[in-house]
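Trainee: Below, each chain spelled out in residue letters.
Protein chains: 2
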Amino acid sequence: MHTVTVATPGGKYPIHIASGRLNALAESIPSDATTIALVTNPVIQGLMGEQVTKILAATGKRIVPIVLPDGEAHKSWETLNLIFDAMLGAQLDRRTVIVALGGGVIGDMAGFAAAVYMRGVRFVQVPTTLLSQVDSSVGGKTAVNHPLGKNMIGAFYQPIAVEIDTDVLNTLPDREMSAGLAEVIKYGLILDAEFFAWCEKNVAGLRARDPVLLAEAIRRSCEYKAWVVSKDERETGLRAILNLGHTFGHAIEAGMGYGQWLHGEAVGCGLVMAADLSAEMFGFPAADVERVRALVAAIGCPTRGPRLGGVEEWMRLMRGDKKAEAGEISFIMMPQIGETIRRGAPAETVARVILRNTD
Amino acid sequence: MHTVTVATPGGKYPIHIASGRLNALAESIPSDATTIALVTNPVIQGLMGEQVTKILAATGKRIVPIVLPDGEAHKSWETLNLIFDAMLGAQLDRRTVIVALGGGVIGDMAGFAAAVYMRGVRFVQVPTTLLSQVDSSVGGKTAVNHPLGKNMIGAFYQPIAVEIDTDVLNTLPDREMSAGLAEVIKYGLILDAEFFAWCEKNVAGLRARDPVLLAEAIRRSCEYKAWVVSKDERETGLRAILNLGHTFGHAIEAGMGYGQWLHGEAVGCGLVMAADLSAEMFGFPAADVERVRALVAAIGCPTRGPRLGGVEEWMRLMRGDKKAEAGEISFIMMPQIGETIRRGAPAETVARVILRNTD
Numbered sequence: 000m001h002t003v004t005v006a007t008p009g010g011k012y013p014i015h016i017a018s019g020r021l022n023a024l025a026e027s028i029p030s031d032a033t034t035i036a037l038v039t040n041p042v043i044q045g046l047m048g049e050q051v052t053k054i055l056a057a058t059g060k061r062i063v064p065i066v067l068p069d070g071e072a073h074k075s076w077e078t079l080n081l082i083f084d085a086m087l088g089a090q091l092d093r094r095t096v097i098v099a100l101g102g103g104v105i106g107d108m109a110g111f112a113a114a115v116y117m118r119g120v121r122f123v124q125v126p127t128t129l130l131s132q133v134d135s136s137v138g139g140k141t142a143v144n145h146p147l148g149k150n151m152i153g154a155f156y157q158p159i160a161v162e163i164d165t166d167v168l169n170t171l172p173d174r175e176m177s178a179g180l181a182e183v184i185k186y187g188l189i190l191d192a193e194f195f196a197w198c199e200k201n202v203a204g205l206r207a208r209d210p211v212l213l214a215e216a217i218r219r220s221c222e223y224k225a226w227v228v229s230k231d232e233r234e235t236g237l238r239a240i241l242n243l244g245h246t247f248g249h250a251i252e253a254g255m256g257y258g259q260w261l262h263g264e265a266v267g268c269g270l271v272m273a274a275d276l277s278a279e280m281f282g283f284p285a286a287d288v289e290r291v292r293a294l295v296a297a298i299g300c301p302t303r304g305p306r307l308g309g310v311e312e313w314m315r316l317m318r319g320d321k322k323a324e325a326g327e328i329s330f331i332m333m334p335q336i337g338e339t340i341r342r343g344a345p346a347e348t349v350a351r352v353i354l355r356n357t358d
Numbered sequence: 000m001h002t003v004t005v006a007t008p009g010g011k012y013p014i015h016i017a018s019g020r021l022n023a024l025a026e027s028i029p030s031d032a033t034t035i036a037l038v039t040n041p042v043i044q045g046l047m048g049e050q051v052t053k054i055l056a057a058t059g060k061r062i063v064p065i066v067l068p069d070g071e072a073h074k075s076w077e078t079l080n081l082i083f084d085a086m087l088g089a090q091l092d093r094r095t096v097i098v099a100l101g102g103g104v105i106g107d108m109a110g111f112a113a114a115v116y117m118r119g120v121r122f123v124q125v126p127t128t129l130l131s132q133v134d135s136s137v138g139g140k141t142a143v144n145h146p147l148g149k150n151m152i153g154a155f156y157q158p159i160a161v162e163i164d165t166d167v168l169n170t171l172p173d174r175e176m177s178a179g180l181a182e183v184i185k186y187g188l189i190l191d192a193e194f195f196a197w198c199e200k201n202v203a204g205l206r207a208r209d210p211v212l213l214a215e216a217i218r219r220s221c222e223y224k225a226w227v228v229s230k231d232e233r234e235t236g237l238r239a240i241l242n243l244g245h246t247f248g249h250a251i252e253a254g255m256g257y258g259q260w261l262h263g264e265a266v267g268c269g270l271v272m273a274a275d276l277s278a279e280m281f282g283f284p285a286a287d288v289e290r291v292r293a294l295v296a297a298i299g300c301p302t303r304g305p306r307l308g309g310v311e312e313w314m315r316l317m318r319g320d321k322k323a324e325a326g327e328i329s330f331i332m333m334p335q336i337g338e339t340i341r342r343g344a345p346a347e348t349v350a351r352v353i354l355r356n357t358d
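Those sequence lines, one after another, are chains E and A.
According to numbering that gives the first Met the number 0, the stretch in the first sequence is residues 0 to 358, in order.
According to numbering that gives the first Met the number 0, the stretch in the second sequence is residues 0 to 358, in order.
Since the hints were made in silico from the structure, they are not lab data.
There could be a bad hint or two in this list.
Chain copies aren't distinguished; within one or between two, either way the pair holds.
Okay, derived cross-link-like pairs now, DSSO-like style, lysine-lysine, Cα gap no bigger than 30 Å in a straight line [as the list claims (entries may be wrong)]: (1) Lys60 to Lys149; (2) Lys149 to Lys230; (3) Lys11 to Lys200; (4) Lys149 to Lys53; (5) Lys230 to Lys11; (6) Lys53 to Lys200; (7) Lys11 to Lys53; (8) Lys230 to Lys53.
Just chain E, same shape as in the assembly (with noise of 0.2 Å):
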């Protein structure tokens, strides 16, 4: 078993990586706890709602299942309500620990829940993803969306510990696989240029679901972002780098209507659009943006984007990012594989970078 340390000013947990790892679920669950609150979706529960109840069982706690509706469309301030409804209904006190079962919108919203259910419990994150297992299960952003904007309303809340199982990716659709790795490579072009390298060489292995590369790739994309999440919990500043491709990524998502795309097929396209600009603006050489554009069509992501309305649209979406401050875009770029640089792109040239990369 890998076991991968997160260290924030908010706190302090472990991520246990393991094949079969949900076998040990109950060791997550405080002695203290008077309640486990089981947040997972329809798909999940059907897949393994009975196996995981029966060995939380074994805490002798009370378990209550709260099964939400599925996908991106229903992380919304309604779903979040129903968490609460059922929570209070079952009359769920203050040392209830809540269990998010499932990928990231689940652990998005049963995070939040638990960020503001009496003004906070505890929660035990189980991602069934694998982009929820290398992105969301670290660094304590949790969120729903809002009508006019995407994660708009949330909390950093850090869970008491994150259970990864590499086994629960055996059931887990190929598009989601490809969304996960783009996630994973973006750790390498951001942080470190002999990572990204090793993800070219394997490649084929981690979408075959090779268990002892994706424990790898798991591991040491939950250690990337550990690190830069201990240096910066509430997005002030380094955390940033963390958003390359993302700008470009959520105007997809937005633009196509939240669901059409997976969140990291829009980020695996906007890192082919980010290595674009990065070209643009500072240099980042035009054998590595086909090396970006290779690797992202190799783990079976897209690597050219929707027109839309057009360039006009695309700014429109990408200013109402939240991370957009009074109006201005500002991008992370790389000046090379393994560097960011965080900073505002004239206008004309994202304009050619959008036409140059959409259909």
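Fit chain A to the supplied structure of chain E, relying on the hints for placement.
Mentor: Only chain A this time, still in chain E's reference frame:
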């Protein structure tokens, strides 16, 4: 001017207390703020909205006014959403500062909005009632109500500054002055017999709004609360002593329907009941029960509660309180004035206290 510094693991901030302090409000807005969201209610807007807007205009920053419906009945998820809709509609970014201008309801909602808008923006609290000046402005508890319980959804989130102007109390209705004084005398009961005696001596002057006496009572109340909160930001132990009288009080508020009794009135009556329970359980002197009863009456609060649906309903309402964990009802009680103990009490003893103090 008095300055009280509040230090918690979640942050450190000053409380400024002075006659005319509103005029210095612009000082509390950080220079890097992009925008000010001024959250208030129609009554306060009418009394001082124009004045405060003019003062804040000196910062040169854009001011977005957000006027919420008045009263505890509107301290809801739905009203909270009005803040988000207004802020997102005006494209306010993460460097916005929320100014909460109003009593406890406005402070709790604007504070909670600040805690979760884009995962947290800064806020300044300008409490305009005595109750909020001595209680809710210190300690960072923010929340909204849920149909199944009061303050069920919220966060611990500290303001960057609290600005208290004793002059604003001149427009406060007598009933709200009385309600605020209930929390003032509570600090004497839980922490300082000398301060309780000071309140007994100065009750007439306080009710007559003598500015020197009020500033002194507010400063001492804030210091007591700040001391407690500095030891226990997240209410895991010591902070519970602040709930003296509140378990009874919440039952009154919930049983009568929120808004019928003012929170402070219910707490005032709850203090008498807690003193009576303390006499039953820990030999709190009968003469001191009478001193509590006399002072609660002298500040203008009710000393007897409503019978509601009888003892059973009282018990149910007190058990629904979130401080009750796993069904057990615990109370803050006093062995003597200025000392507290937290303990469960036998149902028949509590029933006697309820019957003796309600009509």
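Trainee: It remains to establish, for every hint, whether it holds in the given structure.
Mentor: How the hints compare with the structure:
no. : hint             : result
1   : Lys60 to Lys149  : between (36 Å within a copy, 26 Å between copies)
2   : Lys149 to Lys230 : within (25 Å within a copy, 37 Å between copies)
3   : Lys11 to Lys200  : neither (34 Å within a copy, 50 Å between copies)
4   : Lys149 to Lys53  : neither (35 Å within a copy, 34 Å between copies)
5   : Lys230 to Lys11  : both (13 Å within a copy, 21 Å between copies)
6   : Lys53 to Lys200  : neither (40 Å within a copy, 63 Å between copies)
7   : Lys11 to Lys53   : within (28 Å within a copy, 45 Å between copies)
8   : Lys230 to Lys53  : neither (38 Å within a copy, 40 Å between copies)
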